[in-house]
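Trainee: Each number in our numbering comes from the position in the sequence shown (counting from 1) with 1182 added on.
Please note that the accuracy of each hint is not assured.
[Said to hold, decoys possible] No more than 35 Å apart at the CA atoms, straight line, and that leaves these computed lysine-lysine pairs for DSBU-like: (1) K1434 - K1455; (2) K1455 - K1416; (3) K1416 - K1386; (4) K1386 - K1434; (5) K1434 - K1416; (6) K1455 - K1386.
[To be verified] Here are the in silico distance ranges between beta carbons for each label pair: (7) G1456 - D1338: 37 to 47 Å; (8) H1489 - P1436: 22 to 32 Å; (9) S1266 - R1202: 30 to 40 Å; (10) S1435 - A1485: 37 to 47 Å; (11) G1382 - E1345: 31 to 41 Å.
Source of the hints: derived by calculation from the structure; they are not laboratory data.
Since this is a predicted model, take the numbers as computed values, not measurements.
A virtual CB, placed ideally from N, CA and C, is assigned to each residue, including glycine.
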Amino acid sequence: MAYSRLDHHAREVIMSELARDRAVSFTQIAARVGCHRSTVQREITRNGRADGYSARHAHQQAALRRRRLGKLERDLQLADEVRSYLVAGYSPWAISRWLPVSAETIYQGVYSGVLGLRPEEVLRTRRPHRRYRHRKQPTSDGNYLGDFTPISARPDHIETRDEFGHWEGDLITGSANQSAVITLVERHSRYQCVLRLPHGHGTKAVVSALSEWLNTHNRPVLSLTWDRGAELTKWRDLVNNHGIDIYFCDPKSPWQRGTSENQNRQLRFWLRKGTDLTNHTQNDLNHYSHILNTTPRRLHHGATAHHIYQQHPRTRE
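Whenever a hint applies, use it, and build me the whole structure from the sequences.
Mentor: Next comes the structure, spelled out in structure tokens:
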């Protein structure tokens, strides 16, 4: 059935049918008017009032809307051509290559009902309702971190792992990002530490936990490499209070903290995704780290990370 607009006479028929029998169906009214039942349904939904449907009011409202019609509503011949292609099975994008109309306009025409077609019958997705995607936010350039030192400025002796005391850090998050733990790994020995965050993982909580760890840790911590997460916005507190260097990775470059990423994968054996990580005590986290630190490593020729770690002098007793 070709698409046609309801005129004033058609609206008068709709009004009289509704006045005659309130239980009358859209299908019965459509048969009297000579249009599709969905046209009648949209008409009553759009132009009905609390005190009932008025043909005069409906016609006035339709005239007002017509002043801001879309392309397919203004050009009925174009709408018929688009409708024919859709019914034949062509996609909106393909149709837009042949007719002077964009694919987006065609999608809008289908989902708004302007074309009088059901989306699940003519679109490949078969979705009865449109799914809108959130616009992807641009990758942060780390401006909130201030004048930070990028990983490209990290010295060669850190890159080659020749010197002990250079660490990588990250967060492992739990269900809906509502909980987290800090993971730390020393690049030379691969020795691992995990810190509990019972009060959230904002920058204040994370920096406070790292500061406490630095105050009590008994082996050298010369530098820390982190990603550009906002949890380390107050990184200067660590530099000023503990004299360590902090380097930040490039955006979306997890391989630049490859040791940390590997550690996180192993810890996921206990810290399962989709769970509340605050359920793990610090003793639990220490136990998980101990298992990993006392596992023989091929890269250490069978020695453990704990063994390599213990070979380096303490900074405090």
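Trainee: None of the hints should be skipped; say for each whether it holds.
Mentor: Results for each hint:
Straight-line distance between C-alpha atoms of K1434 and K1455 comes to about 20 Å, which keeps the hinted pair within the 35 Å bound. Of the pairs offered as hints, the one joining K1455 and K1416 holds, with about 27 Å between alpha carbons and a cut-off of 35 Å not exceeded. Taking the CA atoms of K1416 and K1386, the gap is about 7 Å. The hint holds against a cut of 35 Å. For the given pair, K1386 sits about 23 Å from K1434 by alpha-carbon distance, which is consistent with the 35 Å threshold.
Simply put, K1434 and K1416 have alpha-carbon atoms about 21 Å apart, close enough for the 35 Å limit, and the pair holds. Proximity of K1455 to K1386 is assessed by CA-CA distance (about 24 Å); at most 35 Å being required, the pair is judged to hold. One distance hint, 37 to 47 Å for the beta-carbon pair G1456 and D1338, holds here, with the actual separation near 40 Å. Hint check: H1489 to P1436, Cβ distance near 28 Å, so the stated range 22 to 32 Å holds.
Evaluation of the 30 to 40 Å hint for S1266 and R1202 yields a pass: the beta carbon distance comes to about 37 Å. Checked against the hint of 37 to 47 Å, the pair S1435 and A1485 fails, with Cβ atoms roughly 30 Å apart. G1382 and E1345 have their C-beta atoms about 34 Å apart, which keeps the hinted 31 to 41 Å range intact.
This entry does not satisfy hint 10, going by the numbered hints stated previously; all others are met.
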